[in-house]
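Number of protein chains: 2
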Amino acid sequence: MPSTAMMFRSAAEHRAWLASQAALPQGFRVGTTRFEFVPAEVHKPARMTLTLIALERPTDAFALMFTRNAFPGAPIIIGRQRRDEPTLGAIVVNNKISNVCAPDGIGTAERICAAAAAAISAATGQALAPEQVLPSSTGVIGWRLPVDPIVAGLPAAAAALQGASILPAAEGIVTTDLYPKIRRAAVGNGSIVGIAKGAGMIEPNLATMLVYILTDCDVPRGELRAALADAVEGSFNGMSIDSDTSTSDTVALLSSRAVPCPDLGAFRAALAQVCADLAEDVVRNGEGVHHVIRVRVTGAPDHALARGVGKAIVNSPLFQCAVCGNDPNVGRLVAAIGKHVGAVRPDLDLHRTVLTMGGATIFSAGAFHLDPATEKLLVDHLRSAELYASTPPADGLTFKPPVSWPPHERAVEIGVDLGLGNVATTVIGGDRSHEYISENADYRS
Amino acid sequence: MPSTAMMFRSAAEHRAWLASQAALPQGFRVGTTRFEFVPAEVHKPARMTLTLIALERPTDAFALMFTRNAFPGAPIIIGRQRRDEPTLGAIVVNNKISNVCAPDGIGTAERICAAAAAAISAATGQALAPEQVLPSSTGVIGWRLPVDPIVAGLPAAAAALQGASILPAAEGIVTTDLYPKIRRAAVGNGSIVGIAKGAGMIEPNLATMLVYILTDCDVPRGELRAALADAVEGSFNGMSIDSDTSTSDTVALLSSRAVPCPDLGAFRAALAQVCADLAEDVVRNGEGVHHVIRVRVTGAPDHALARGVGKAIVNSPLFQCAVCGNDPNVGRLVAAIGKHVGAVRPDLDLHRTVLTMGGATIFSAGAFHLDPATEKLLVDHLRSAELYASTPPADGLTFKPPVSWPPHERAVEIGVDLGLGNVATTVIGGDRSHEYISENADYRS
Numbered sequence: 003m004p005s006t007a008m009m010f011r012s013a014a015e016h017r018a019w020l021a022s023q024a025a026l027p028q029g030f031r032v033g034t035t036r037f038e039f040v041p042a043e044v045h046k047p048a049r050m051t052l053t054l055i056a057l058e059r060p061t062d063a064f065a066l067m068f069t070r071n072a073f074p075g076a077p078i079i080i081g082r083q084r085r086d087e088p089t090l091g092a093i094v095v096n097n098k099i100s101n102v103c104a105p106d107g108i109g110t111a112e113r114i115c116a117a118a119a120a121a122i123s124a125a126t127g128q129a130l131a132p133e134q135v136l137p138s139s140t141g142v143i144g145w146r147l148p149v150d151p152i153v154a155g156l157p158a159a160a161a162a163l164q165g166a167s168i169l170p171a172a173e174g175i176v177t178t179d180l181y182p183k184i185r186r187a188a189v190g191n192g193s194i195v196g197i198a199k200g201a202g203m204i205e206p207n208l209a210t211m212l213v214y215i216l217t218d219c220d221v222p223r224g225e226l227r228a229a230l231a232d233a234v235e236g237s238f239n240g241m242s243i244d245s246d247t248s249t250s251d252t253v254a255l256l257s258s259r260a261v262p263c264p265d266l267g268a269f270r271a272a273l274a275q276v277c278a279d280l281a282e283d284v285v286r287n288g289e290g291v292h293h294v295i296r297v298r299v300t301g302a303p304d305h306a307l308a309r310g311v312g313k314a315i316v317n318s319p320l321f322q323c324a325v326c327g328n329d330p331n332v333g334r335l336v337a338a339i340g341k342h343v344g345a346v347r348p349d350l351d352l353h354r355t356v357l358t359m360g361g362a363t364i365f366s367a368g369a370f371h372l373d374p375a376t377e378k379l380l381v382d383h384l385r386s387a388e389l390y391a392s393t394p395p396a397d398g399l400t401f402k403p404p405v406s407w408p409p410h411e412r413a414v415e416i417g418v419d420l421g422l423g424n425v426a427t428t429v430i431g432g433d434r435s436h437e438y439i440s441e442n443a444d445y446r447s
Numbered sequence: 003m004p005s006t007a008m009m010f011r012s013a014a015e016h017r018a019w020l021a022s023q024a025a026l027p028q029g030f031r032v033g034t035t036r037f038e039f040v041p042a043e044v045h046k047p048a049r050m051t052l053t054l055i056a057l058e059r060p061t062d063a064f065a066l067m068f069t070r071n072a073f074p075g076a077p078i079i080i081g082r083q084r085r086d087e088p089t090l091g092a093i094v095v096n097n098k099i100s101n102v103c104a105p106d107g108i109g110t111a112e113r114i115c116a117a118a119a120a121a122i123s124a125a126t127g128q129a130l131a132p133e134q135v136l137p138s139s140t141g142v143i144g145w146r147l148p149v150d151p152i153v154a155g156l157p158a159a160a161a162a163l164q165g166a167s168i169l170p171a172a173e174g175i176v177t178t179d180l181y182p183k184i185r186r187a188a189v190g191n192g193s194i195v196g197i198a199k200g201a202g203m204i205e206p207n208l209a210t211m212l213v214y215i216l217t218d219c220d221v222p223r224g225e226l227r228a229a230l231a232d233a234v235e236g237s238f239n240g241m242s243i244d245s246d247t248s249t250s251d252t253v254a255l256l257s258s259r260a261v262p263c264p265d266l267g268a269f270r271a272a273l274a275q276v277c278a279d280l281a282e283d284v285v286r287n288g289e290g291v292h293h294v295i296r297v298r299v300t301g302a303p304d305h306a307l308a309r310g311v312g313k314a315i316v317n318s319p320l321f322q323c324a325v326c327g328n329d330p331n332v333g334r335l336v337a338a339i340g341k342h343v344g345a346v347r348p349d350l351d352l353h354r355t356v357l358t359m360g361g362a363t364i365f366s367a368g369a370f371h372l373d374p375a376t377e378k379l380l381v382d383h384l385r386s387a388e389l390y391a392s393t394p395p396a397d398g399l400t401f402k403p404p405v406s407w408p409p410h411e412r413a414v415e416i417g418v419d420l421g422l423g424n425v426a427t428t429v430i431g432g433d434r435s436h437e438y439i440s441e442n443a444d445y446r447s
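The listed protein sequences derive, respectively, from chains A and B.
Numbers in the numbering used here are just positions in the first sequence, counted from 1, shifted up by 2.
Numbers in the numbering used here are just positions in the second sequence, counted from 1, shifted up by 2.
If you are wondering where the hints come from, they were derived from the structure by calculation, not from laboratory data.
A portion of the hints provided could be inaccurate.
Identical copies carry no separate label here, and so any pair may be met within one copy or between two of them.
Computed cross-link-like contacts, DSS-like style, restricted to lysine-lysine with a CA-CA straight-line distance of at most 27 Å [said to hold, decoys possible]: (1) Lys378 / Lys98; (2) Lys46 / Lys98; (3) Lys46 / Lys378; (4) Lys402 / Lys98.
Because the structure is a prediction, the values reported are computed rather than measured.
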């Protein structure tokens, strides 16, 4: 559940709300710059934004989580080494190209870290070493980073560093996102502020997308890492837009340690809420998402099965399409559940399964209870959760979302009580629409 | 690989070819009938076709395979019991409603079997008992079968029984299929003829869709069942259109035993080819499929990983969309492989992986080899394998395929050599298009 239940009528209203959430915690600065370049792989001009997130002083209190994809990007390989460094001082992020499986990708990323450290040192007078910089890249897989324009652009990003607002960074890291994502929580006199990038290739496994969470709460490294692992498991790992686990998923949590944190429990709860809010923001802004789908699985014998059943539903192309059309084709719900359970736990008996949608019981004791009145109730629930409807595109083929802000925070609410135990979990996902196809049939052009 | 490499310029050409393949093996008859009804769950008129497949004399040589979905349909539950019957004499099939998780679905299916047995007995003079009839249903999940119109329609289907052509049955069992699917093979003086239905909810697990294979080759029950299990594993179990394993998947193989079969090896090879051809037909006719994608995985340490890697590629929504757009976004190939291997075998080292597309090596030694010349080659390969392109729809939203026949039998050819062992397998799937979304956002209306 989101901590808010906002409704926005325009991009301006949404942006004003983002700005109200964007104050940086003490001890952090962000700066960005933008430039044009021509990728070596295709001869079409492209634009890239560089984002710097810098601490006023390097910190030993940081936590980094990365994708489990077996073809990790060069920044992930370097990031895993950075976990063992005594301190971290900055993050350098580029969009457009993800630096995954590109020739000499690691050398390129290291060169960018060195240039970022030098640029920040020159701009701030604060000495920074290359190994104190975490590289991060997102975008097309397989292409080479334009290292010369990046190195040339870093001084401008460093010169733009400011300590007031995280909004430039939230805007700088996006690719196909429709809008930036910022969530915050207060903890005593300190705060936690997180930003996220991601709209496609989203089914995190351990960590997800690009997420940067900054706090001034003084929580030491060990507790910080444990808190992040728990928060990620309860948020990003329970979501999927398109079942495609990225090669570049990254969640970074940095503390400037500027404000005492007397209540670790409150910090953990606030961090979990920020992660859950960002996860839902990512799904709501997922490529072509018309409806957020929230599946609450209860009565499961274990967490793996609970999550597996929820993921099977939100990742079912047929159920996703039905939801997109406001079509309560709930038979596809049992097909998705049955597919998963039949594949992983064929020993289980599902005769106690109860399904609800929008609060209405639609299935129990092995059979559906459907009639025209229930059909209308389900259609009404689907329509109420719709973010927008497709409109015929100008060229007849290329669908684009008509909004660039989240109109509301409602979801299609699915309940699955397996009647087999006491474990419960929540999984969120999105439907599948023409806009997703248009976006991804030619993402690179 | 298909046994043919046909090209068709029109539905008429395709239909003439189907008719040339449609001669029934000795000892079989098929008949169909069609009627209108109003489903109890929504008050909109619908049409249903009943198909009867009858043996001149009940046979003890039959093999039945069913879905592993944990919410199987009533016909599947009954079909599992039929496997132990001494003989089988007929199959009764309806489309439009699948009789899955409907109130008293088993009682309904048993009543239809009894009515089918009586109708066939009356029409042919050949005594048939209800337990000698296999029920089969496909279509909307959760709705109740219109049992009274079905029982009323069965005498007409029985009166239509004829022994010349399987084409009426191939046409009678379809739902969202664009065209019927028939494949045949000769074995000595006998033949094997198969028909298939299925275009969505296709990722079989053990068996798939509705497939009926008839032969007059005299192969006894035990060998028949072993041959079918092998043929299914090498064909239907290696395909996916949308990763949704159906509740109703069925493959039935019946022998009339009318023609001696001196060469069991030749029979098995012919059966495997018929199954492989039908599987590719199903994918090529998959909902909204613009390109068939054939992934050849080699160098795998075991069959499960080989198939898992192939399935991860053909089920990746992002790669599917890229192929649809003739966009060689091959980075999504490594993301899909890495997602799967990272999730199931994180211990494996993928540094020897070699990827090819359309015969061109695009990835080796951990990095891509991409440049504008390779890009052009890959785009040309994708275009050559395209079955059709989307055209702007009349209402701006509802895409429909512009062809109702398979224009050619080419595929997008992907090679994945993992360099980790000696196991190889082939997986086939399709791309993801606007037509799939349009088809499934409101399938029931």
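Now the hints, each set against the structure:
1. Lys378 / Lys98: Cα proximity of Lys378 and Lys98: across copies only (21 Å, versus 44 Å in one copy).
2. Lys46 / Lys98: within (13 Å within a copy, 49 Å between copies)
3. Lys46 / Lys378: between (50 Å within a copy, 14 Å between copies)
4. Lys402 / Lys98: within (19 Å within a copy, 33 Å between copies)
In this structure, none of the earlier numbered hints is contradicted; all agree with it.
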